[in-house]
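The listed protein sequences derive, respectively, from chains A and B.
The first sequence begins at 1 in our numbering and counts up by one.
The second sequence begins at 1 in our numbering and counts up by one.
Since the hints were made in silico from the structure, they are not lab data.
The beta-carbon is built from N, C-alpha and C at its ideal position, and this holds for glycine as well.
Possibly wrong hints are sitting among the right ones.
[Stated by the list, open to error] Label-pair ranges, simulated between beta-carbon atoms:
| id | chain 1 | residue 1 | chain 2 | residue 2 | range |
| --- | --- | --- | --- | --- | --- |
| 1 | B | Pro-269 | A | Arg-35 | 40 to 46 Å |
| 2 | A | Asp-24 | B | Gln-197 | 18 to 24 Å |
| 3 | B | Asp-28 | A | Ser-133 | 23 to 29 Å |
[To be verified] Now the stretches of chain A that chain B is said to cover, found in silico as 3 or more residues with beta-carbon under 8 Å:
| id | stretch |
| --- | --- |
| 4 | 117-124 |
| 5 | 127-138 |
These are the residues of each chain, in order.
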Amino acid sequence: MERYGDLVWSLARRYLRNAADAEDAVQDIFIDIWRSAGRYDRNIASEVAFISTIARRRLIDKIRQAGRRPLTDSMDDDEGAPIDPGVPATVEDDTEVTIVERVLSEMDPEHQKVLAMSIYEGYSHSEIAEHLSLPLGTVKTRVRRGLIHIRQRLQIPPPGATDQELAG
Amino acid sequence: MTPSSALDRNRLYELLADEASAALDTGDDTELTRLVRQNPGVARDEILQAAAFTQIAFLRRTGGQRMPAGLRERLVSQGEALVLRQRGPLPGQVPGHVPGHLPGPRLVTTSSPPTTAKAPPAPRRSAVSGIGWALAAMLAVAFVVVRNEPAALSPGPDVTATRASLVSEAPDVLTLPWAPPTAAGYEGVTGDVVWSQSRQQGYLRLANMPVNDPARRQYQLWIVDPDRDKNPVDGGVFNVSATGEVIIPIQAKLQIRSPKAFAITAEQPGGVVVSAGPLLVVASI
């Protein structure tokens, strides 16, 4: 749990390049997390997925409220020392993140770029299309295919499956 | 409920992906709701989870940043206020006081689910520990509390006495001398680590440790505990501001189970989550 603070902060800094905006967003995110405590169920998602999802939703809200933001060279302009962002070391989380890393490494760089800009940096499909000079439909298709493929590789089980069924 | 076609299911996943990438418009949302209802075998958050892990994978690739101390402090205040509002002060707790340790089981109360609660949960294979989210949220508060300490620990006047007390009173205290360091500039460092597993308390004693410039680098202790975590546990950030012998209290950020080694690195101010080394001084069991 110790690591989630750095995780949320790192995501905020990725979405919001202005530190003051990132601080505001992180406070909102944690309040949202605390308030959402009652609906967390570990049978649905791991803690880190739950927190990341809340964080991303909030951050996207922030950037959309603030209007268009300048497009930067995503993934190429990291600030600060590269440190591990604090992915919790539970077996499940580690395994699932590793699976995703493997899937990403199998994608061509442009597909990775589209996915990173959408999922990791919160750019809209139209912003990505404009920045990468791609048709909007291509961006949409790549994001969809990428996420659906990752979901398949993660083998997220269907609702109603029991642990016994999954083990068997 | 109308059986859903494969076409509908494919469309459902497309819309779930759009939702996860925040690209859903109002019309799509209506369609998505209908398709989710027609496909009970698909959980609405399947793709959201995939997106969450994708986000973390990218973050791990590019690296993250440490949360600023000032922000942690504000989060402590906000978290405390929120918790007290929701649950009221704990027995024996003074309102307004933030406990400095991880909360006990009494804090794990069940809060009423908000009205926005999702559909009944779908069982999912999970290796996550059995703590409930209520506890997890409380731990988030505790986390910022723990982190709300001076980044640089300086040994107070009583540290020598408290160390001596630990050594003489704790039945399980370990005393581990530092191995002769080989890192350039650290060859002359001597001293030891004392650690009590039952008390989760310990001290570093360092002589001839090079003075650091806190604005540029700070020392960070790591506790190697493979039973606890594959990564060493953060044992606290500290400065050495004078030559001679210094005693540093260990500030383990997690419960230590079975320590195998203690190691010191030099890191950016504030420390890091995972160090790239090198290990400057090491004491092993």
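Here's how the hints hold up against the structure:
1. B/Pro-269 and A/Arg-35 have their C-beta atoms about 33 Å apart, which leaves the hinted 40 to 46 Å range violated.
2. Take A/Asp-24 and B/Gln-197: their Cβ atoms lie about 42 Å apart, and the range 18 to 24 Å is violated.
3. As the Cβ distance of B/Asp-28 to A/Ser-133 is approximately 25 Å, the hint placing it in 23 to 29 Å holds.
4. Note: the stretch 117-124 of chain A has 5 residues with beta-carbon separation from chain B under 8 Å; the three-residue rule is met and the coverage holds.
5. With 0 residues carrying a beta carbon less than 8 Å from a beta carbon of chain B, the stretch 127-138 of chain A misses the three-residue requirement, and the given coverage is violated.
Hint check: violations occur at hints 1, 2, 5; the rest are consistent with the structure.
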